[in-house]
Amino acid sequence: GAGVSQTPSNKVTEKGKYVELRCDPISGHTALYWYRQSLGQGPEFLIYFQGTGAADDSGLPNDRFFAVRPEGSVSTLKIQRTERGDSAVYLCASSIHGGGAYEQYFGPGTRLTVT
Amino acid sequence: GQQLNQSPQSMFIQEGEDVSMNCTSSSIFNTWLWYKQDPGEGPVLLIALYKAGELTSNGRLTAQFGITRKDSFLNISASIPSDVGIYFCAGRSGQFYFGTGTSLTVIP
Chain A
-13 GAGVSQTPSN KVTEKGKYVE LRCDPISGHT ALYWYRQSLG QGPEFLIYFQ
37 GTGAADDSGL PNDRFFAVRP EGSVSTLKIQ RTERGDSAVY LCASSIHGGG
87 AYEQYFGPGT RLTVT
Chain B
411 GQQLNQSPQS MFIQEGEDVS MNCTSSSIFN TWLWYKQDPG EGPVLLIALY
461 KAGELTSNGR LTAQFGITRK DSFLNISASI PSDVGIYFCA GRSGQFYFGT
511 GTSLTVIP
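These protein sequence lines map, in sequence, to chains A and B.
When you line the first sequence up against my numbering, it's residues -13 to 101, in that order.
When you line the second sequence up against my numbering, it's residues 411 to 518, in that order.
Don't read these hints as lab results, they were simulated from the structure.
C-beta atoms are modelled at their ideal positions from N, C-alpha and C, and glycine is treated no differently.
Careful: at least some of the hints might be erroneous.
What the hints assert, rightly or not - Residues from chain A shown here face chain B by an in silico Cβ test under 8 Å; the list is partial:
no., residue
1, 27
2, 37
3, 40
4, 42
5, 51
6, 77
7, 90
8, 92
9, 93
10, 94
Claimed, not checked - Calculated lysine to aspartate or glutamate pairs in the DMTMM-like style (CA-CA distance at most 20 Å, straight line):
no., chain 1, residue 1, chain 2, residue 2
11, B, 461, B, 493
12, A, -3, A, 72
13, B, 480, A, 30
14, B, 461, A, 89
15, A, 64, A, 0
16, B, 446, A, 0
17, A, 3, A, 49
18, B, 446, B, 425
19, A, 64, A, 89
20, A, 64, A, 30
21, A, 64, A, 49
22, B, 446, A, 89
23, A, -3, B, 451
24, B, 480, B, 425
25, A, 3, A, 89
26, A, 1, A, 42
27, B, 446, B, 428
28, B, 480, A, 89
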């Protein structure tokens, strides 16, 4: 079946601009995660959705970052007033989260470059 | 955020050799996941572990959930060139925390 998809694959934006990154999870997966990965590092947790609601947003670095999942499927990560330090690969993962299963399946990521 | 300590940081091995890597934390985790990531791609799930002491295999890969619940181990037997990549562990305590990665190079 189809895996997690993310668009765009690459995004270059100027400092101060607004960007949206999209994630399409695996069909039927109720849990959706956003991570940020800097070069040479492991993924860093940003936010986790269970259905439509954000169950844990403790990883969002500041109020410039916001994410939504209005219908419990597709999610959008929004970054306002981008800064050069926001440059990273943004990864999305989905999980069934049923019966104690927590396996997360990742998309290919969106590489964000802020110039 | 918290990151788990993985070792070794990098490995250079001959094709056919076995590989061992581990992941340690100061916190207790309820789930351990192991991933492999190739350049420019997202991490691919290799093995999931749910119980302390659990030993799980996936082909040539074997992973163990440490009995203290603060560590996990991944072994790869008879390495082949396509095993090249970066291996990450991830532990769950509420959210998931990822390790710093082990870069594996296999020399044919």
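Quick rundown of the hints versus the structure:
{"no.": "1", "hint": "27", "in the structure": "7 Å, holds"}
{"no.": "2", "hint": "37", "in the structure": "17 Å, violated"}
{"no.": "3", "hint": "40", "in the structure": "12 Å, violated"}
{"no.": "4", "hint": "42", "in the structure": "6 Å, holds"}
{"no.": "5", "hint": "51", "in the structure": "14 Å, violated"}
{"no.": "6", "hint": "77", "in the structure": "6 Å, holds"}
{"no.": "7", "hint": "90", "in the structure": "7 Å, holds"}
{"no.": "8", "hint": "92", "in the structure": "4 Å, holds"}
{"no.": "9", "hint": "93", "in the structure": "5 Å, holds"}
{"no.": "10", "hint": "94", "in the structure": "5 Å, holds"}
{"no.": "11", "hint": "B:461 x B:493", "in the structure": "26 Å, violated"}
{"no.": "12", "hint": "A:-3 x A:72", "in the structure": "12 Å, holds"}
{"no.": "13", "hint": "B:480 x A:30", "in the structure": "19 Å, holds"}
{"no.": "14", "hint": "B:461 x A:89", "in the structure": "14 Å, holds"}
{"no.": "15", "hint": "A:64 x A:0", "in the structure": "15 Å, holds"}
{"no.": "16", "hint": "B:446 x A:0", "in the structure": "32 Å, violated"}
{"no.": "17", "hint": "A:3 x A:49", "in the structure": "15 Å, holds"}
{"no.": "18", "hint": "B:446 x B:425", "in the structure": "18 Å, holds"}
{"no.": "19", "hint": "A:64 x A:89", "in the structure": "25 Å, violated"}
{"no.": "20", "hint": "A:64 x A:30", "in the structure": "17 Å, holds"}
{"no.": "21", "hint": "A:64 x A:49", "in the structure": "10 Å, holds"}
{"no.": "22", "hint": "B:446 x A:89", "in the structure": "14 Å, holds"}
{"no.": "23", "hint": "A:-3 x B:451", "in the structure": "15 Å, holds"}
{"no.": "24", "hint": "B:480 x B:425", "in the structure": "31 Å, violated"}
{"no.": "25", "hint": "A:3 x A:89", "in the structure": "35 Å, violated"}
{"no.": "26", "hint": "A:1 x A:42", "in the structure": "28 Å, violated"}
{"no.": "27", "hint": "B:446 x B:428", "in the structure": "16 Å, holds"}
{"no.": "28", "hint": "B:480 x A:89", "in the structure": "19 Å, holds"}
Consistency with the previously given hints fails for numbers 2, 3, 5, 11, 16, 19, 24, 25 and 26, ordered from lowest to highest.
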